[in-house]
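There are 2 protein chains.
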Amino acid sequence: MRNLMDDISLLEGYYMPAEFEPHEGCIMIWPVRPGSWPYGGRAAQKAFCEVACIIAESEQVYLLADRAHLEEARAAIEKAVTVKSKISGAEGETTEDVRNNITVLEIESDDAWARDVGPTFVVNRQGDRIGINWTFNAWGGNVDGLYPHWDKDDKVASRFCKRLGEKEFDAHPFVLEGGSIHSDGEGTILTTEACLLSRGRNPDWSRTQIEEMLCAVLGAEKIVWLPCGIYNDETNEHVDNICAFTAPAEVVLAWTDDPEDPQYAMSRACLEALERQRDAKGRSFIVHKLPVPEKPVLIREEDLKGYEFEEGEDMREAGERLAASYVNFYIANGSVVVPQFGDENDKAAVKILGKLFPDRSIRPVMARDILLGGGNIHCITQQIPSKKVKRGK
Amino acid sequence: MRNLMDDISLLEGYYMPAEFEPHEGCIMIWPVRPGSWPYGGRAAQKAFCEVACIIAESEQVYLLADRAHLEEARAAIEKAVTVKSKISGAEGETTEDVRNNITVLEIESDDAWARDVGPTFVVNRQGDRIGINWTFNAWGGNVDGLYPHWDKDDKVASRFCKRLGEKEFDAHPFVLEGGSIHSDGEGTILTTEACLLSRGRNPDWSRTQIEEMLCAVLGAEKIVWLPCGIYNDETNEHVDNICAFTAPAEVVLAWTDDPEDPQYAMSRACLEALERQRDAKGRSFIVHKLPVPEKPVLIREEDLKGYEFEEGEDMREAGERLAASYVNFYIANGSVVVPQFGDENDKAAVKILGKLFPDRSIRPVMARDILLGGGNIHCITQQIPSKKVKRGK
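Protein chains in written order, with numbering that gives the first Met the number 0: chain A, 0 to 392; chain B, 0 to 392.
Bear in mind the hints are in silico, worked out from the structure with no lab data behind them.
Given the structure is predicted, the values throughout are model-derived calculations rather than measurements.
It is possible that some hints are incorrect.
Unchecked claim - No farther apart than 35 Å at their CA atoms in a straight line, the calculated lysine-lysine pairs in the DSBU-like style are these:
| id | chain 1 | residue 1 | chain 2 | residue 2 |
| --- | --- | --- | --- | --- |
| 1 | B | K294 | A | K294 |
| 2 | B | K294 | A | K154 |
| 3 | B | K221 | A | K221 |
Model the full assembly from the supplied sequences, consistent with the hints where possible.
See the structure below:
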């Protein structure tokens, strides 16, 4: 088997920028999988279009779809752009800009999680960019993966890089999803033990080897481990649902003060881990608590009827709690796109993020229909950082 | 550095019997550490003596103490035996039997956790027995260990084996505490990810390497992983506080139906893990839920005044929740010694265990004073299995 570490010197000088650094664009995937998106994905597709249009106000959006759904995706985007222009009126960005900023590309996939199947881009100071192509195994492969076949998903990163003429680094056989890491752009990677040490990913890699590999591939110096993520998160608790950088050494953490909530102990354990650790530059973390929804978001009987599961696919149950979290936002160049659940805490989340991102508009999107697929706004997006030319920094 | 796996063939044919198989005896250690046992350890010592006397009714007890406390330990045991004889009257076992079954040995240690610093004994079918001497680093070494020096503790297993003429296998540099594993005696080892994959133990070992090593040293074929343990358990959540074998393919699991309890989600996650996995013989687990105390057991102001912490030692706070669990019992040849907390669920725990161990007497011991040190009855005991001669099995 190939020894990944042998090739890693190719990445010398590259690092993963923080999401809050400038983007060239964003990758998204058109949602159609019957076992993820109830009732043919209609409601989810509407929410995806809304997210895409907001992001396209300030960066490129590449929306991937397979051949059978190319026209459906294009038509839906066109409709969303038109509706949007009617609602927003003259809000600064023109309808034409948004329309021009969205490109629908024919690339097939098994589902619609661009964060997890798309490339993780690293850049260097000479203005070069490389897409990291991790192994994707549907969040746990044969151990506890969520669907039985993931070969198309596993090829998305490479196909996207080829299609756009991006350089590619093949990180196989190492298994990783983009949602399981956050970078502060200054040498620190945030992740969870529950996911990265899980049995379904890299059981033959030690914690130290995983740290060394992440540091080498992502140009980092320090891995900061949280023990766990959001209760009942079927990704084995990705970090991007519980904690995110808002600035270097500054994070938001999904939180509840309600001891009735099973999230209570989990968030507390993460806070303790953050308090105990330092970032790559030796700084303590400033932790901003972001409430989880006041009322758990549950799968309803009527949702359940809309899914069509294939054999071997993880199925949902009525009453099952979804891993709803406001932390699962996307930081675009001009905005922060924040999930909303029709919950009492929706506004509080928007308000907190407004203070933390004073230079961006906070854009709430009703996201229950995205959450029904098992993730949220951050999970369906993957930023393409701008190429950088060395300055003083 | 020594390659542990090179020597492992020495253990060919050996395996770790279940705790419910016959014992020759039990190791305990006299509690005196000022940072663990408030007020000079008086209350804890009384509880330790009670545990020792119950176990000594049906097996040997080796109580270790350093030179300065040898006489104190002997006198306390003598007193306990006398008091016991007066209370119990003629209960079958004689006072003399109990007295003769307790041997106080001069072996020094840093604290009193025989489960974690004592040898883990394996046996073969030819009647041989070997004590495994793991590395002990105070539950996490320089990462999150609980005290700054543990060199005496780390030598306890070897010194005990030498003193009793037991064969010894040196498992250094692998770090493990006895409390982090349970064996069913039929090829299955139960453990927790929170502990065995923790950063303070063996960060250079992969999950697969850890599994292979445990299987080789303990003569097992299957490692069954639980994600976590008891809330706020400072051992990084040892399995012996949350789940224990009561028979092959049958376990008790610490449980609460109260969503207000931070233990709620943790126990549920463990149940799901048990339901998903099979033992070495391919059997599903029968899981008996054992309630946790109805009311959390907390450190009180008056407890706090009794501790004397040294520099670098983990300190307690008033109001801190202790990791109280009825699962932390010891299975002796004739009895099951069960912790009690003065809680409403004390009796329920005794009743459930009574049904699961119909051939043993269930012996409740008020254990809050043991818990104040950070563990419980299982943590302060380590069984020495009987030597076996091959029969039909």
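Results for each hint:
Using a Cα cut-off of 35 Å, the hinted pair B:K294 and A:K294 holds, with the two alpha carbons roughly 26 Å apart. Between B:K294 and A:K154, the direct Cα distance comes to roughly 53 Å. Violation of the 35 Å bound is thereby established for this hinted pair. This hinted pair checks out: B:K221 and A:K221 have alpha carbons roughly 34 Å apart, not beyond 35 Å.
Checked against the numbered hints given earlier, this structure breaks only hint 2.
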